[in-house]
Amino acid sequence: MSAIIAAAHLSKWYGNVLGLNDVSLEIEDGITGLLGPNGAGKSTFMKLVTGQLKPNIGAVTVRGRPVWNDPAIFPEIGFCPEHDVFYEDMTGREFVAGLLRFYGYTQAEIRQRTARALDLVELTADQDRLIRGYSRGMRQRIKFAQAVAHDPGIIILDEPLSGLDPLGKRKLIRLIKEFRTQGRTVLVSSHVLPEIEALTSRIVLIHQGKILAQGDISSIRKLIDSHPHQISVRSSDPRALAARFVADASVEKMTFAADGRTLVVETRDRDVFFGRLTGVVLEAGLAVDEISSPDDNLQAVFEYLVGK
Amino acid sequence: MTTLRAAREVFGFFGRLAWKTGKTRVFALLGLVPVALAVIVRILSHGRTGDMAAVFTEILMVLVLQFYIVILALFYGTSIAAEETENRTLAYLITRPVPKPAIVLGKYAAYCALMFGMVAACLVPSYFVLNAGRLGDLAVTRAFLIDLGVLGLGILAYTAFFTFLGTWLKRAIIVGLIFGFGWENIIQYFPGSTQKFSVVHYLKSLLPYKPVTGGGGRGVALLLFRLEPTPPLAAVLMLAAIAAGFLALACWLFRRKEFLPEE
Chain A
-6 MSAIIAAAHL SKWYGNVLGL NDVSLEIEDG ITGLLGPNGA GKSTFMKLVT GQLKPNIGAV
54 TVRGRPVWND PAIFPEIGFC PEHDVFYEDM TGREFVAGLL RFYGYTQAEI RQRTARALDL
114 VELTADQDRL IRGYSRGMRQ RIKFAQAVAH DPGIIILDEP LSGLDPLGKR KLIRLIKEFR
174 TQGRTVLVSS HVLPEIEALT SRIVLIHQGK ILAQGDISSI RKLIDSHPHQ ISVRSSDPRA
234 LAARFVADAS VEKMTFAADG RTLVVETRDR DVFFGRLTGV VLEAGLAVDE ISSPDDNLQA
294 VFEYLVGK
Chain B
20 MTTLRAAREV FGFFGRLAWK TGKTRVFALL GLVPVALAVI VRILSHGRTG DMAAVFTEIL
80 MVLVLQFYIV ILALFYGTSI AAEETENRTL AYLITRPVPK PAIVLGKYAA YCALMFGMVA
140 ACLVPSYFVL NAGRLGDLAV TRAFLIDLGV LGLGILAYTA FFTFLGTWLK RAIIVGLIFG
200 FGWENIIQYF PGSTQKFSVV HYLKSLLPYK PVTGGGGRGV ALLLFRLEPT PPLAAVLMLA
260 AIAAGFLALA CWLFRRKEFL PEE
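Quick note, the sequences are listed as chains A and B, same order. Numbering-wise (the working numbering), the first sequence opens with residue -6 and increments by one. Numbering-wise (the working numbering), the second sequence opens with residue 20 and increments by one.
Hints were generated in silico from the structure; no laboratory data involved. There's no promise every hint is true.
The calculated lysine-lysine pairs, modelled on DSS-like cross-linking and capped at a C-alpha distance of 30 Å, are [claimed, not checked]:
| no. | chain 1 | residue 1 | chain 2 | residue 2 |
| --- | --- | --- | --- | --- |
| 1 | A | 203 | A | 47 |
| 2 | B | 215 | B | 189 |
| 3 | A | 47 | B | 215 |
| 4 | B | 276 | A | 203 |
| 5 | B | 276 | A | 47 |
| 6 | B | 276 | B | 189 |
| 7 | B | 189 | B | 42 |
| 8 | B | 189 | B | 39 |
| 9 | B | 215 | B | 39 |
Short derived list, chain B residues pointing at chain A, Cβ under 7 Å [unchecked claim]:
| no. | residue |
| --- | --- |
| 10 | 20 |
| 11 | 28 |
| 12 | 36 |
| 13 | 39 |
| 14 | 40 |
| 15 | 106 |
| 16 | 107 |
| 17 | 113 |
| 18 | 114 |
| 19 | 117 |
| 20 | 120 |
| 21 | 279 |
Label-pair restraints from in silico Cβ distances [to be verified]:
| no. | chain 1 | residue 1 | chain 2 | residue 2 | range |
| --- | --- | --- | --- | --- | --- |
| 22 | B | 108 | A | 62 | 18 to 24 Å |
| 23 | B | 23 | A | 163 | 41 to 47 Å |
| 24 | B | 205 | A | 62 | 38 to 44 Å |
| 25 | A | 61 | B | 23 | 20 to 26 Å |
By construction, the Cβ of each residue, glycine as well, lies at the ideal position given by its N, Cα and C atoms.
Next up, chain A with everything else stripped away, as it sits in the complex (with noise of 0.2 Å):
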């Protein structure tokens, strides 16, 4: 399949920030996710992809074309901005349809444009509302609204779910992804694993402005777990649960927490220590109060695949 955008060896920096180093990559039809931490480049790399910002080494093409400077690529492109700034003084629909404008619409489509978005978005009624008026929640989806308003072949969506309650996410959710069975190709950007998880299976990990990893996310759990997992559970009795566990083949490394409650376990196997895990903790009859799993959060998996 041929790639609908492509970075060849894209490097940019701010002064003396890096913000993105020697990327190449190529994204084809379907959804995307881009996954990192805050200050990863993320941004920077959706920025360079709709032409806001100009490579400093590199190219970086939309169905072949580069896209700095050229206005004719445009209609084939939504983008949904990560911060959240509107033209307050305008209502939600004059929002969409002064957008649309852009695209050499004739009034009734403009109208019937606007009104298709916001109907997507569930904004119809308070269309009239002035967004500096609309909760957090409604200003993401009217964002959203104007990225989609146009039909664009492609979908560039930078942190598209922060901000939303838990409904509100599964709704965008759904959304996305009938996108995908639409022929579309979507990139969307996020720090948060299980968002992504929920979008796609095509992952590519970003950080500190590099590539770290990037295929289908089974393969990046696999990385992930070819690294030790931490574990900590917190009892009644961490020594004896410790004891339990010396001989297990699964555990790699325990130590104590300064608390003296809990226990920190490395394992290379999660789901069996966690199988073994519920059969001591029955048998010996121990009290556990907590379990909890540190790497689950981004940041540790990042600094797994960083090597730090």
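Given the coordinates of chain A, assemble chain B onto it according to the supplied hints.
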């Protein structure tokens, strides 16, 4: 989409939006000062024969020409590019199929139309108040229309210059203040052709100054006595060239420039 068509759409977008902003409300209120002054002068001069036309010219020259349109052009002109980057709304515009210069041209046209509306809204009532007895005089009406036309040219020239400054510099307001209220005033006292390096020189060349008879206008007259006017046609051409030149520069810069995030 052609640049002209795109500029028309941008004009439509910002033409509506500009009237609704808080900035416009503040400047519209400021525009009431000349009107209030005209009413006060009219009331105070009741029963006395004063040259109301000269008072009107005084208001036009001092309050409107040298203050109101400069401050309007400064704040609207410099904001054409800067407000989009500062408010981070630029992404909504430059990810559309419009050539970047069309954004500058469309916003410039929208803001100039807005400013002209605001200037007319402050000047027309002042004119009616101060020329109440001579409204049937075609020569007076004609002179007033010429005044409005000259102010329109002033708005076009100043706004183009400040648009260029705002596209070029990050802190354009400060430089603009120094230019608008420093350079533009000081240069008028320089003899010879030096004063031609200002916008206000060409505007004043098109507005024949009629000082107020009596004591009130002498201070202002003193400020203007050194004017060595440029012929009207040359002044109009020069103002048009200033507007077109700086606008072209602003468009060129906006197209080339990469507006980096502040953080």
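We went through each hint and held it up to the structure:
| no. | hint | result |
| --- | --- | --- |
| 1 | A:203 / A:47 | holds (18 Å) |
| 2 | B:215 / B:189 | holds (27 Å) |
| 3 | A:47 / B:215 | violated (40 Å) |
| 4 | B:276 / A:203 | holds (26 Å) |
| 5 | B:276 / A:47 | holds (9 Å) |
| 6 | B:276 / B:189 | holds (12 Å) |
| 7 | B:189 / B:42 | holds (20 Å) |
| 8 | B:189 / B:39 | holds (25 Å) |
| 9 | B:215 / B:39 | violated (37 Å) |
| 10 | 20 | holds (5 Å) |
| 11 | 28 | holds (4 Å) |
| 12 | 36 | holds (6 Å) |
| 13 | 39 | holds (4 Å) |
| 14 | 40 | holds (6 Å) |
| 15 | 106 | holds (6 Å) |
| 16 | 107 | holds (4 Å) |
| 17 | 113 | holds (6 Å) |
| 18 | 114 | holds (4 Å) |
| 19 | 117 | holds (5 Å) |
| 20 | 120 | violated (10 Å) |
| 21 | 279 | holds (6 Å) |
| 22 | B:108 / A:62: 18 to 24 Å | holds (19 Å) |
| 23 | B:23 / A:163: 41 to 47 Å | holds (45 Å) |
| 24 | B:205 / A:62: 38 to 44 Å | holds (40 Å) |
| 25 | A:61 / B:23: 20 to 26 Å | holds (23 Å) |
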